[in-house]
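Go by the hints and put chain B onto chain A.
Quick note, the sequences are listed as chains A and B, same order.
Just so we're aligned: 286 in my numbering is position 19 of the first sequence, and the numbers increase by one with no gaps anywhere.
Just so we're aligned: 77 in my numbering is position 75 of the second sequence, and the numbers increase by one with no gaps anywhere.
Hint data in this document are derived by calculation from the structure and do not stem from the laboratory.
Glycine is no exception: its CB is placed at the ideal position from the N, C-alpha and C atoms.
Be aware that one or more of the hints could be misleading.
[Unchecked claim] Under the rule of at most 35 Å between Cα atoms (straight-line distance), these lysine-lysine pairs were calculated in the DSBU-like manner:
no.	chain 1	residue 1	chain 2	residue 2
1	B	62	B	132
2	B	62	A	371
3	A	339	A	371
4	A	479	A	339
5	A	371	B	212
6	A	479	A	310
[What the hints assert, rightly or not] Only some residues are given here: those of chain A computed to face chain B with a beta carbon under 7 Å:
no.	residue
7	366
8	367
9	413
10	425
11	428
12	478
13	481
[Claimed, not checked] Partial list, derived from the structure: chain B residues whose beta carbon lies under 7 Å from chain A:
no.	residue
14	80
15	101
16	108
17	150
18	151
19	153
20	154
21	157
22	169
23	171
24	175
25	204
26	205
27	240
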Amino acid sequence: MRRLAGQVAIVTGASRGIGRAIALELASWGVKVVVNYQSSAEKAAAVVAEINAGIGQGLAIQADVTQPEEVKRLVQTTLDTWGELHILVNNAGITRDNLFQRMKDADWDAVIEADLTSAFLCSQAVLPHMQSVRYGRIVNIASLAGLAGNVGQTNYAAAKMGLIGLTKALAREVTAAGIVVNAVAPGYVETEMIEAIPHWLRTWALDVIPLKRFGTAEEIAPAVAFLASPAASYIIGHVLTIDGGWVMP
Amino acid sequence: MDFSDQVTIVTGGTGSLGREIVTGLIERGSRVLFCYRQRDETAQELVDLLGNDDRLVAVKADVRDQEAMNAMVEEALRRWERLDTLITAHSTVSNAPIVDMTLEQWNEVLDVMLRGVTRVCRAALRPMQKARYGRIVNVVGYQPLAGALMQANYAAALGGVIGFSKALAREVAAWGITINCVAPGLISRPQMASFDPSYIPWATNIVPLKRLGTPAEVVPAVLMLAERESGYMTGQTITVDGGWRMV
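The following block holds chain B by itself, in its conformation from the complex:
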């Protein structure tokens, strides 16, 4: 997989998965602009680690802000005069049993996870249409496909991203733009340290591979869909879940 000469924008670049995606892209030659919301230190560490030749730029920008998304795309175009690929990997959760979930919790997660994707897509589509080429990969999750406890908002928002991606894939296919999703299964994340101690043994047991996935193991599917050669695949959702569900 060669991304030399290409330009990629990644949202949520300081997340555990976002970091791996950014790293994978840089290793394969892409120029990368990633955005993040809060973690200035993590963003700087990533830039220091990987970017010593002006191929990696971090932008503090919130996916809830359309103007910020427009400015981020403008920044990539100003620097490198092209935009080949958009990868959305930002994430936020606000978990609660559905009977206790407030409308604010519901709307907050929909705003970041679903509207956030639409905002950055809106910003990125114009240069892609002009170039008659584009790759968009939206990282979703198993929740809309398998259900999940205390995550009705998250499952609805990510299901929304899948539906949106398919509808948009039909609209922009004529411009050579493909849109696909990757749905990671049970992936090891730092925040799992705060979960109930029974979670990891449970998750490990139900997955045929008998272990959680790592963020790095999700990256190959993301990059495959981001490749120039993946031009005939659009509107799909690839599941990377260690064989958990096999559907």
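One chain only, chain A, in its complex shape:
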């Protein structure tokens, strides 16, 4: 399975949850992985330690991906360290749930910046290198909340559907330069992020999902690695949903 041996990836927000699983999956495919994190230094170090203990090579880099200068440093440090960069996974994201009419402006802005603007900034930062070598893979982690909406998540749904719009616009611009851009839209996945959802919503969700369970991060990561591989060369601007049959969009 080490079919991506020698490649280099940045996974944003990779200290936990789906990002962590993506970092481990890419490492198992032979990729040298930058485990980006904002504040969870210990968890990022644990992911890197797990990668370095026999799977492959990992490197933790702290950066707030909503800040242009920090994003530039993240990409430059990666290139300085490994000299190459093939894959960017825009996974970093947060939630600040509330009903729309109670939502504070700050909670709207924080989610748009962390989940959408971050992907714009990171993509912009990796493009000069990817264009110069005429190869690249960008995978954006969207959400079923964007495709199908979700109560209490107008900000998150806007950010994630916005990310799908960005995916397609970016795909049109850079495909000719050998850069493939796609998105993965997970449904409910067992992570810290959804431990916060109310009990009634959990019960409802488990009822409407045909598989009658939430997904695991490990069930998302292989699809991301596939879209990050040369095998995905004719898949452009696609949104791959992984939702246990919940929405079947």
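Chain B alone, transformed into the frame defined by chain A:
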């Protein structure tokens, strides 16, 4: 489609599509308050052309200003004591290849196109919830569905509007409020005069109908979603694109 006795607010009423939407609503009996940002003359011309019986009011108001949006809704309620429908049709672009796009360009388009919609929705929802009835139609575009060159900000912002509309549709469905989007495809607009001359032949060729759409051809889908009878359709995006993509 009969909008007699109804009250509709339209944002971006002086735009090429906004004008057609306002005209369609007035022709079908609605009272209309539209807002615009810059074009005083166009707004006055539209009012002079259509509104001779206090059914049409133009308000100069910026969707970047929550207070202005609140005041606009208050104005409609003060005049007519109800608000049935909100149609967002305002637009701004700031195009650039993504590698050259500044964060200011990105944020500006998100602020007008995405936050602007949320601000006017926030203002309009309270009277709609009180009345336990409402129709919201957000005009988006093909960009978030099909991608577009030099419009990463626009595609992201309008994609955001689609996601927002779906989430909000779930939140307010219990009050009888529906929220849908219309995504026009390649529509003939005055600003196309400044485009590269190869654009119109290219666009004409890829559309099965072999022509660009007109703003007036987008209006029926908007009005259909705004109708009282369209009560079971919510969270949807209707594409009006001459068969370009058929997805």
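Here's how the hints hold up against the structure:
The straight-line distance between the Cα atoms of residue 62/B and residue 132/B is roughly 26 Å, inside the 35 Å bound, and the hint therefore holds. Taking the CA atoms of residue 62/B and residue 371/A, the gap is near 26 Å; set against the 35 Å cutoff, the hint holds. With a C-alpha separation of about 30 Å, the suggested pairing of residue 339/A with residue 371/A holds against the 35 Å cut-off. The straight-line distance between the Cα atoms of residue 479/A and residue 339/A is roughly 42 Å, outside the 35 Å bound, and the hint therefore fails.
Of the supplied pair hints, the one linking residue 371/A and residue 212/B is violated, its CA atoms being roughly 47 Å apart against a limit of 35 Å. Taking the CA atoms of residue 479/A and residue 310/A, the gap is about 30 Å. The hint holds against a cut of 35 Å. Proximity of residue 366/A to chain B holds as hinted, the smallest CB-CB distance being about 6 Å (cut-off 7 Å). Checking residue 367/A against chain B by beta carbon gives a least distance of about 5 Å; that is within 7 Å, so the hint holds.
With a least beta-carbon distance of about 4 Å to chain B, the hint placing residue 413/A at the interface is held under the 7 Å criterion. A hinted interface residue such as residue 425/A counts as satisfied when its beta carbon comes closer than 7 Å to some beta carbon of chain B; here the least separation is about 4 Å, so the hint holds. With a least beta-carbon distance of about 3 Å to chain B, the hint placing residue 428/A at the interface is held under the 7 Å criterion. The criterion of a C-beta within 7 Å of any C-beta in chain B is not met by residue 478/A, whose closest approach is roughly 21 Å, and the hint is violated.
Hint on residue 481/A is violated. Least Cβ distance to chain B is approximately 19 Å, over the 7 Å limit. A distance limit of 7 Å between C-beta atoms decides the matter here; for residue 80/B the minimum to chain A is near 22 Å, and the interface restraint is violated. Given hint, residue 101/B at the interface with chain A, holds; its Cβ is 5 Å from that chain's nearest Cβ, closer than 7 Å. Because the smallest distance between the Cβ of residue 108/B and any Cβ of chain A comes to about 6 Å, under 7 Å, the interface hint for this residue holds.
A hinted interface residue such as residue 150/B counts as satisfied when its beta carbon comes closer than 7 Å to some beta carbon of chain A; here the least separation is about 5 Å, so the hint holds. Hint status for residue 151/B: holds, given a least beta-carbon distance of 6 Å to chain A, under 7 Å. Among the interface hints, the one on residue 153/B holds; its C-beta lies about 6 Å from the nearest C-beta in chain A, closer than the 7 Å criterion. The beta carbon of residue 154/B is positioned within 7 Å of a beta carbon in chain A (closest approach about 4 Å), and the interface hint is therefore held.
Interface hint status for residue 157/B: upheld, as the beta-carbon distance to the closest one in chain A is roughly 4 Å, under 7 Å. For the restraint placing residue 169/B at the interface with chain A, the shortest Cβ-Cβ distance is roughly 4 Å, inside the 7 Å limit, so the hint holds. The restraint placing residue 171/B at the interface with chain A holds, with a minimum CB-CB distance near 6 Å, inside the 7 Å limit. With its C-beta approaching chain A no nearer than about 9 Å, residue 175/B sits outside the 7 Å limit, and its interface hint is violated.
The criterion of a C-beta within 7 Å of any C-beta in chain A is not met by residue 204/B, whose closest approach is roughly 13 Å, and the hint is violated. About 14 Å separates the beta-carbon of residue 205/B from the nearest beta-carbon of chain A, more than 7 Å, and the hint is not met. Against a cut-off of 7 Å between C-beta atoms, the interface hint on residue 240/B is violated, since the closest Cβ of chain A lies about 16 Å away.
The structure fails hints 4, 5, 12, 13, 14, 24, 25, 26, 27 (numbered hints given earlier, in ascending order).
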